[in-house]
Amino acid sequence: MLLLVAFIVISLLLKKAFCSWLCPVGTLSELIGDLGNKLFGRQCVLPRWLDIPLRGVKYLLLSFFLYIALLMPAQAIHYFMLSPYSVVMDVKMLDFFRHMGTATLISVTVLLIASLFIRHAWCRYLCPYGALMGVVSLLSPFKIRRNAESCIGCGKCAKNCPSRIPVDKLIQVRTVECTGCMTCVESCPVASTLTFSLQKPAANKKAFALSGWLMTLLVLGIMFAVIGYAMYAGVWQSPVPEELYRRLIPQAPMIDH
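The sequence shown runs contiguously to residue 257 in the UniProt record's numbering.
Don't read these hints as lab results, they were simulated from the structure.
Misleading hints may appear alongside valid ones.
As the list claims (entries may be wrong) - In the BS3-like style, the derived pairs of lysine-lysine whose C-alpha atoms are separated by at most 30 Å in a straight line are:
id, residue 1, residue 2
1, 169, 159
2, 159, 38
3, 38, 156
4, 169, 156
To be verified - Just the calculated beta-carbon pair ranges, DEER-fashion:
id, residue 1, residue 2, range
5, 43, 108, 15 to 25 Å
6, 41, 243, 49 to 59 Å
7, 105, 141, 42 to 52 Å
8, 237, 105, 27 to 37 Å
No experiment lies behind these values; they were computed from the predicted model shown.
Beta carbons are placed, not taken as given, at the ideal position from N, Cα and C, and that holds for glycine.
Using the sequences and the accompanying hints, generate a full structural model.
Right, here's the structure in full:
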């Protein structure tokens, strides 16, 4: 829960930087996409009439999980967190992936194959966490901004954008799909034309903009600051006694909802 708070704070300040700078699933998806490029020479781009509805799936999943979470009374959540099932939930999740059923194995295989042909298939169409971060990121003061006066219209920013955002047509990128990866900034051949900044870059002035190194430090700093505060406040450790863990973990396969 505390890590989720850290990720939301990151998105609130630095767009969906968690997705592009920290998320292990996003990293794996990117590596699979690179493998697909090497094997097949290119990746598929779904037509707009199909791409837009599919992008809505992750928001449906997010709505479902939020509905379940908000519907459950606070007292019920407290009791669930202290229930035997909650105590061994991590162990059961590990067993879930170690001993996959047929349906799970098929689903994972389909996602892996889809990621070979469609870059970031899981992130773009199915990830509810990414959907949440995207909605929160709309409030971020930092955005990718383009100086139209110095832009030469080469289109390299849009061509290299992993989220397929038409950066070369926008003055500032407001979409929920922007992860703040800064690939477009690195692709731009004209200095200070594209920036990840608080205000539009001016041709004659050097506006404050985030570099890749500074972005890395900020993302890690926010995450570890939240963890450090949680440890200082005494809420990082689980309220479940260690003895209860030791007693229930061997019984994990027999414990159900």
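Unmet hints by their number, sorted upward, for this structure: none
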